[in-house]
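Sequences and hints are given; from them, build the entire structure.
Residue-level listing of the chains:
Number of protein chains: 2
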Amino acid sequence: MVEFQTSQLDTVFHALGDATRRQMLHALADGERTVSELADPFSMSLAAASKHIKVLERAGLIRREVRGRTHHCRLVPGPLASANRWLAYYERFWTERLDTLDRLLREEDAGRLTSEREKTDDSDTDAEQPSRRRGDA
Amino acid sequence: MVEFQTSQLDTVFHALGDATRRQMLHALADGERTVSELADPFSMSLAAASKHIKVLERAGLIRREVRGRTHHCRLVPGPLASANRWLAYYERFWTERLDTLDRLLREEDAGRLTSEREKTDDSDTDAEQPSRRRGDA
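In order, the protein sequence lines correspond to chains X and U.
Sequential numbering of the first sequence, starting at 1, is according to this note's numbering.
Sequential numbering of the second sequence, starting at 1, is according to this note's numbering.
Don't take each hint at face value.
Claimed, not checked - Straight-line alpha carbon distances no greater than 25 Å define the calculated SDA-like cross-link-like pairs of lysine to any residue that follow:
1) LYS51/X - LEU87/U
2) LYS51/U - ARG106/X
3) LYS51/U - HIS14/X
4) LYS51/X - TYR90/U
5) LYS54/U - LYS54/X
Derived by calculation from the structure, the hints in this document are not laboratory data.
Bear in mind that the values here come from a model prediction, so they are computed numbers and not experimental data.
Written as structure tokens, this is what we have:
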């Protein structure tokens with residue numbers, strides 16, 4: 001099972017390591033596409049596009065269905081979820097950084113609030129009568 | 001910028017497409033390792049392990065520091081965060097599935113609770129005196 005998952009992750013990450021293939025998956029996220037529709041945005045032969053599609057298919061990222069003379073492809077999200085699970089183990093590393101950033105911003109906000117409150121305390125009458133201030137202007 | 005990110009994702013996903021390299025990153029998640037320490041768990045030559053380390057280095061996933069005659073490696077989480085962000089776009093596909101599963105389980109639970117409540121209503125006295133029931137046994 002682990003062996004299967006390992007080799008699946010190998011083929012999935014390998015398939016994702018190419019911008020053309022990632023763009024094809026992006027197109028399939030909007031719905032089913034024929035092979036020609038998938039190949040269309042790229043300045044490459046249908047044969048070259050077809051090779052990329054085969055790599056995605058081998059990784060289990062897409063499923064191809066032949067209807068008449070047309071090949072229809074659709075996204076299979078499972079292997080992307082596996083890749084996501086693998087990466088999730090490392091999430092703490094960037095979460096820790098974001099937590100530190102968050103803490104610093106909160107501290108800065110708290111400091112700003114304190115100094116604003118001090119200012120408000122100095123000009124309490126003005127703050128209580130905004131209509132009069134508007135009238136003054 | 002987009003071009004840079006695209007080529008960075010290419011090298012990052014390519015680097016992740018190999019079980020040895022993923023295991024090396026896993027070891028580095030626990031802290032700094034020397035090149036020999038990273039190579040140690042694998043039945044391969046130091047030269048072969050070194051090639052894998054270079055792939056990780058080129059992808060920006062690890063940083064190597066030379067101290068005296070020893071090369072020390074540490075994990076750089078940024079590129080993993082980029083890969084994670086790319087995958088996050090597809091998260092809705094497996095979240096949708098999990099939401100459906102969650103809804104079905106809640107419906108099942110709700111059904112079970114209703115039938116349990118009906119049972120409790122039938123045997124209210126027993127439920128209120130568990131000690132007596134235990135005594136009976």
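Results of checking the hints against the structure:
Between LYS51/X and LEU87/U, the direct Cα distance comes to roughly 22 Å. Compliance with the 25 Å bound is thereby established for this hinted pair. The straight-line distance between the Cα atoms of LYS51/U and ARG106/X is roughly 44 Å, outside the 25 Å bound, and the hint therefore fails. Using a Cα cut-off of 25 Å, the hinted pair LYS51/U and HIS14/X holds, with the two alpha carbons roughly 17 Å apart. Pair hint LYS51/X plus TYR90/U holds up; C-alpha atoms about 23 Å apart against a cutoff of 25 Å.
Between LYS54/U and LYS54/X the alpha-carbon distance is near 29 Å, which puts this suggested pair outside the 25 Å criterion.
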